[in-house]
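J.: Sequence:
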Amino acid sequence: MTRWAKDTKEFTVRLYKSKNRDATPSLLCRVPRPLVKLLGDPSSLKFCVKDGKVIVEGVNS
Numbered sequence: 006m007t008r009w010a011k012d013t014k015e016f017t018v019r020l021y022k023s024k025n026r027d028a029t030p031s032l033l034c035r036v037p038r039p040l041v042k043l044l045g046d047p048s049s050l051k052f053c054v055k056d057g058k059v060i061v062e063g064v065n066s
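If you read the sequence shown in the numbering used here, its first letter stands for residue 6, the second for the next number, and so on.
Since the hints were made in silico from the structure, they are not lab data. Do not rely on the hints blindly, as some may be mistaken.
Stated by the list, open to error - Straight-line Cα separation of at most 27 Å, DSSO-like style, residue types lysine-lysine; simulated pairs:
#1 K51 - K11
#2 K55 - K42
#3 K58 - K22
#4 K11 - K42
#5 K22 - K51
Claimed, not checked - Okay, the calculated beta carbon distance ranges per label pair:
#6 R8 - P30: 29 to 35 Å
#7 K24 - D56: 29 to 35 Å
#8 T13 - S48: 21 to 27 Å
#9 K11 - E62: 21 to 27 Å
#10 E62 - N25: 20 to 26 Å
#11 D12 - L44: 16 to 22 Å
#12 K58 - R35: 20 to 26 Å
#13 K14 - E62: 15 to 21 Å
#14 L44 - L20: 16 to 22 Å
#15 E62 - T13: 19 to 25 Å
#16 K11 - L32: 24 to 30 Å
#17 A10 - D56: 29 to 35 Å
#18 K14 - C34: 14 to 20 Å
We put the beta carbon where it would ideally sit given N, CA and C, even for glycine.
Use the sequences and the hints to build the structure in full.
T.: Below you can see the structure in the form of C-alpha cells.
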C-alpha cells in the first residue's frame, strides 16, 4: 500500500482500460486516500469542466 507524505500537494493517478456492461470502453482509476478524505469520503465523484479547468467534487448519497 502506498504511503503518502502529509504535505503532498500533487498526486498522479493511473488510468486502467476497462469495458462497461454494454461493452463501451472506459477508464478506471484509484483515487489516493488523502484525496478521498479531503473530498469527505464520497460515494461518487462529480467532474465539472469550467473555463478549461476540471473541478472535482465529492458527492455523498
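J.: Now tell me if each hint is right for this structure.
T.: Outcome of the hint check:
1. Between the alpha carbons of K51 and K11 the distance comes to roughly 25 Å, so the proposed pair stays at or under 27 Å and holds.
2. Between K55 and K42, the direct Cα distance comes to roughly 24 Å. Compliance with the 27 Å bound is thereby established for this hinted pair.
3. Only pairs whose Cα atoms come within 27 Å are accepted, and K58 paired with K22 is accepted, the gap being roughly 24 Å.
4. Distance check on the hinted pair: K11 and K42 sit about 12 Å apart at the alpha-carbon level, within 27 Å; holds.
5. With a CA separation close to 20 Å, the supplied pair K22 and K51 stays within the 27 Å bound.
6. Between R8 and P30 the CB atoms are about 32 Å apart, so this pair conforms to the stated range of 29 to 35 Å.
7. Between K24 and D56 the Cβ separation comes to about 33 Å, which falls inside the hinted range of 29 to 35 Å.
8. One distance hint, 21 to 27 Å for the beta-carbon pair T13 and S48, holds here, with the actual separation near 24 Å.
9. For K11 and E62, the hinted distance range of 21 to 27 Å is satisfied, since their beta carbons lie about 23 Å from each other.
10. Separated by about 23 Å at the C-beta atoms, E62 and N25 satisfy the suggested range of 20 to 26 Å.
11. Distance hint check for D12 and L44: the Cβ-Cβ separation is about 18 Å, which falls inside the suggested range of 16 to 22 Å.
12. Separation of K58 from R35 is about 23 Å and conforms to the stated range, judged on CB atoms against 20 to 26 Å.
13. At about 19 Å, the CB distance of K14 to E62 agrees with the hint of 15 to 21 Å.
14. The hint said 16 to 22 Å for the Cβ distance between L44 and L20, and at roughly 18 Å that hint holds.
15. With their beta carbons about 20 Å apart, E62 and T13 fall inside the hinted range of 19 to 25 Å.
16. Separation of K11 from L32 is about 29 Å and conforms to the stated range, judged on CB atoms against 24 to 30 Å.
17. At roughly 31 Å, the beta carbons of A10 and D56 sit within the given window of 29 to 35 Å.
18. The supplied range of 14 to 20 Å is met by K14 and C34, whose beta-carbon atoms lie about 19 Å from each other.
Going down the numbered hints, you'll see the structure goes against none, and every one checks out.
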